[in-house]
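Produce the entire structure from the sequences given, and follow the hints as far as they go.
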Amino acid sequence: METFIGAVINGLALGMAYALIAVGYSMVFGVLRLINFAHGSIYAFGAYMVYFFISIQVGLFWSIMIAIVLSGILAMLVDKLALEPLRKKQSIPIASLITTVGVSFIIQNGLALEQVFTSEKKGFPSLNLFPNIMIGNLTIQSSQIIMFAVALVLLAVLSYIVNKTKIGLSMRATEQNARAASLMGVNTNFVISFTFFLGGCSAAIAGTLISGYYQIISPTMGATIGLKAFAAAVVGGIGVLYGSVVGGLVVGVVECIAAQYLGSNVRDPMAFVILILILIIKPNGLFGKKGVSKV
Amino acid sequence: MKEKKSLNLLAPFESFVDKFKVPLSILVGAFLIAVPFLGASRVAMRNLVMIFLYAMLGMGLNVLLGYVGQVSLGHAGFYAIGAYTSAILTTTYGWSFWTGAIAGACVAALIGFLLGLPTLRLSGTYLTIVTLGFGEIVLMVLRQWESVTNGNYGIRSIPVPELFGWELTLSNGGFYWLILFLSTVTAIACYTIKNSNAGRTLIAIKEDELAATMMGIKTTRYKILAFVVSAFITGLAGAYYSVINNGYIEPNNFVFNYSIQILSVVIVGGMGTIRGMYFGSALLMMFPQVFRFLNQWRFVIYGLLLVLMMQFRPQGALGWQSTLPYKLPRRAKKALAEREKAKTVQ
Numbered sequence: 001m002e003t004f005i006g007a008v009i010n011g012l013a014l015g016m017a018y019a020l021i022a023v024g025y026s027m028v029f030g031v032l033r034l035i036n037f038a039h040g041s042i043y044a045f046g047a048y049m050v051y052f053f054i055s056i057q058v059g060l061f062w063s064i065m066i067a068i069v070l071s072g073i074l075a076m077l078v079d080k081l082a083l084e085p086l087r088k089k090q091s092i093p094i095a096s097l098i099t100t101v102g103v104s105f106i107i108q109n110g111l112a113l114e115q116v117f118t119s120e121k122k123g124f125p126s127l128n129l130f131p132n133i134m135i136g137n138l139t140i141q142s143s144q145i146i147m148f149a150v151a152l153v154l155l156a157v158l159s160y161i162v163n164k165t166k167i168g169l170s171m172r173a174t175e176q177n178a179r180a181a182s183l184m185g186v187n188t189n190f191v192i193s194f195t196f197f198l199g200g201c202s203a204a205i206a207g208t209l210i211s212g213y214y215q216i217i218s219p220t221m222g223a224t225i226g227l228k229a230f231a232a233a234v235v236g237g238i239g240v241l242y243g244s245v246v247g248g249l250v251v252g253v254v255e256c257i258a259a260q261y262l263g264s265n266v267r268d269p270m271a272f273v274i275l276i277l278i279l280i281i282k283p284n285g286l287f288g289k290k291g292v293s294k295v
Numbered sequence: 296m297k298e299k300k301s302l303n304l305l306a307p308f309e310s311f312v313d314k315f316k317v318p319l320s321i322l323v324g325a326f327l328i329a330v331p332f333l334g335a336s337r338v339a340m341r342n343l344v345m346i347f348l349y350a351m352l353g354m355g356l357n358v359l360l361g362y363v364g365q366v367s368l369g370h371a372g373f374y375a376i377g378a379y380t381s382a383i384l385t386t387t388y389g390w391s392f393w394t395g396a397i398a399g400a401c402v403a404a405l406i407g408f409l410l411g412l413p414t415l416r417l418s419g420t421y422l423t424i425v426t427l428g429f430g431e432i433v434l435m436v437l438r439q440w441e442s443v444t445n446g447n448y449g450i451r452s453i454p455v456p457e458l459f460g461w462e463l464t465l466s467n468g469g470f471y472w473l474i475l476f477l478s479t480v481t482a483i484a485c486y487t488i489k490n491s492n493a494g495r496t497l498i499a500i501k502e503d504e505l506a507a508t509m510m511g512i513k514t515t516r517y518k519i520l521a522f523v524v525s526a527f528i529t530g531l532a533g534a535y536y537s538v539i540n541n542g543y544i545e546p547n548n549f550v551f552n553y554s555i556q557i558l559s560v561v562i563v564g565g566m567g568t569i570r571g572m573y574f575g576s577a578l579l580m581m582f583p584q585v586f587r588f589l590n591q592w593r594f595v596i597y598g599l600l601l602v603l604m605m606q607f608r609p610q611g612a613l614g615w616q617s618t619l620p621y622k623l624p625r626r627a628k629k630a631l632a633e634r635e636k637a638k639t640v641q
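Here the protein sequences come in this chain order: P and B.
Per the working numbering, the first sequence starts with residue 1, numbered consecutively.
Per the working numbering, the second sequence starts with residue 296, numbered consecutively.
Keep in mind the hints are simulated off the structure, nothing from the lab.
As the structure is a computational prediction, the values presented were derived from the model and not from experiment.
Cβ coordinates follow ideal geometry from the N, Cα and C atoms, glycine included.
Take every hint as true, because none was put in to throw you off.
Here are the simulated SDA-like cross-link-like pairs (lysine to any residue), alpha carbons at most 25 Å apart as the crow flies: (1) B:LYS316 with B:ARG626; (2) B:LYS513 with P:PRO283; (3) P:LYS121 with B:TYR448; (4) P:LYS121 with B:TYR597; (5) P:LYS289 with B:THR414; (6) P:LYS289 with B:SER418; (7) P:LYS89 with B:TYR597; (8) P:LYS289 with B:THR423; (9) P:LYS88 with B:THR420; (10) P:LYS88 with B:GLN606; (11) B:LYS501 with P:ILE94; (12) P:LYS88 with B:LEU599; (13) P:LYS289 with B:THR514; (14) P:LYS80 with B:PHE594.
Partial chain B-side listing against chain P, Cβ under 10 Å, derived: (15) GLY430; (16) LEU434; (17) ASN552; (18) ASN590; (19) MET605.
Laid out in structure tokens, this is it:
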């Protein structure tokens, strides 16, 4: 029983961080109908930036802040330099998809370069900022609590931005119909870049939280976790913020329980098992809105 | 303006190829068959084999992506199923490579059929996501089902194929001729499909699914068919891969990156074309070899190339529209001739 509860707690903490990555996928997919494969590498980039600034003695808090902003800017640059020209040319959708794959190659292998961070795994400072909590035989690590709490607060902030602010309104308008939105005076290109910026920031935060929990980083760390978080976004219903949270938590908890009882090989693919089951039962995800195809 | 110029060069070239297609294909064919006698090194032969293998994989995905317009991010899954089925049948049950390979391709096709079924409910990007999940789940099964697949350790000592007592290996050119044969058969099959009724239907679905439905096409049926054909070809390529990889396969040979690599071959070469598959494969397989001196930088540059390619030539390197007059299918020609006749009678 204790191992079970331990797995659930672990899953909830990890799931919240997945949700934070998932919203990035979800928002970009919402406005562009594009799976942004570069997102996982931006997550890795964020973690590496924190590592870098800590290693040059900037201090934990400011390192994280700088890393968040840099990752947001990087995500925005990806959109401005690589994706926006494609939108202007009205290229086929798969061109954007391959572009994001190419960008993820550049970032991921760029981090692994001998002159940059090398491909070796690096230690990451622990985020156990206060003592662990013991309930009976159960230990809850403080990094788990931090992960859960920080992600929860940030997701609340994100949903405030999307639902209550003016830029959020523009984002939702662009998501529903980019053309109509631009006719109403919404600067859709700015909105899309802003979406990428928010996604990049939240990916960097998730990268810091998860790296602080595992205390290890490597240039390829974003690949699997990115795909999993994307699965979480789809499970919850893409384009719906709280859907990503539920999806992230479901994926996190199920994979931790599966890893506990079925072996670590099952851990990563569990997200996709859930994904396919949900998509077959509910093609738009748990909370997704039904799309109507118009002639 | 720029496009017009390239078209002007293209038209004479295409009509030249079309005019002399028999002698040209004999010439190219004879050269390709003779390659192992030209004294190429082992490394060169291995590269050639990989180029043809990926051309075949590209053609497999092309049926889905180029003809019906469905993006798949899980083709490494079919590749793995073909390889493992064939490898298990030949090692554990003592089947010959030939029957094992066909069985592998058939199992992959069956799974392709099952994977195609969600098309009844899902479309477009969501189906792409399902294929992504499929690839990961195949990997999980390979790693977890230890009694059959030997888990992470993979399958060892897979026997090489034999043809009338002659063992095919890399050094005697057997591997090369085998993949040359397989990829040529695949190319002919793809060409036939593309110019058949079913192929035109597939392309109609790609161009406009709604319009195709309105024309009375049962789109899901054709999409599932495309999945089956695509999976069959990919499975066959997988079976071939299981024998050339020093008789050893493991789950890591079929991770997500390989799905991306197959996809890149199709995109870089030119979706919907067969020539493009060979070219794209040659380009992507040779790139890491030729630019070995760049060390780790080559993967960064590889990514940069993909991005630039999409910016400036999203239709792929050889993805041009044919300038030759459209060849009507025989039935249409017949119907036209009859109509002409009826007119003259009137």
